[in-house]
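Visitor: So the chains spell out like this:
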Amino acid sequence: LPAVARLTDDQARVLLAEGRPGQALALLDRLHAAAAAQDRTGSLIEAGALRALALAAGSEEAAAVAALAGTLTPACPQGYVRVFADEGAPMAALLGRLIAVQRAGEAAAKVPLGCLARLQRAFEASHATPDPRPGTAAAVPGLVEALTAREVEVLGMLASGRSNQAIARASLW
Amino acid sequence: VVTLDTVKKNVSHLLAKLGAANGTEAVARARELSLIP
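Sequences listed follow chains A and B, in order. Quick note on numbering: this note's numbering labels position 20 of the first sequence as 20, and the sequence is numbered without any gaps. Quick note on numbering: this note's numbering labels position 34 of the second sequence as 34, and the sequence is numbered without any gaps.
Any given hint could turn out to be false.
[Said to hold, decoys possible] Quick list of in silico lysine to any residue cross-link-like pairs, SDA-like style, CA-CA up to 25 Å:
no.: 1; chain 1: B; residue 1: Lys8; chain 2: A; residue 2: Lys110
no.: 2; chain 1: B; residue 1: Lys8; chain 2: A; residue 2: Met157
no.: 3; chain 1: A; residue 1: Lys110; chain 2: A; residue 2: Ala62
no.: 4; chain 1: B; residue 1: Lys9; chain 2: A; residue 2: Val152
Derived from the structure by calculation, the hints contain no laboratory data.
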């Protein structure tokens, strides 16, 4: 990757981390267009992956899923998988949404299932922390790591609108 | 009864695993994934 592209990608990551997806998106749009014009596949795919994350961070759900699908389609046959897996939890969540949309048959462009499966395996490999209680955890495609039984319990209480304080009082672990 | 810190720790772990920014987002994601009803 040329040094300039690397710098801009990192700037986009910083903007995303700072909660400024709009600015990250503007930067990535330019980077994406430049990479496309110059036929730089690697830069194009990396910018595409980050663009999808920026859209997701900006709550543009459908556009984020479409952007990820659009980037995966050329990326997979060329073996670009790490680029996605390295983005961690937000990318895993977005991948989960893409899989859900495709399963529901609502996706405009279909990413081959083999490609999605390879990506999921890459995520599993990069987050190979064993769960302390594997028997109790729910393995769900699209999750970075299975939730523990306790986390599911807390989630249930969050869903019923309890505060952290109320959860602490109600819990017996 | 557990300490508030323990709850917060669990919440932050599950937010990370779900790729959620806050509780509301985590609940929405978990429902999407059918982890909770």
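Visitor: Output the numbers, in ascending order, of every earlier hint that fails for this structure.
Guide: Going through the list in order, the structure violates hint 1 alone and respects the others.
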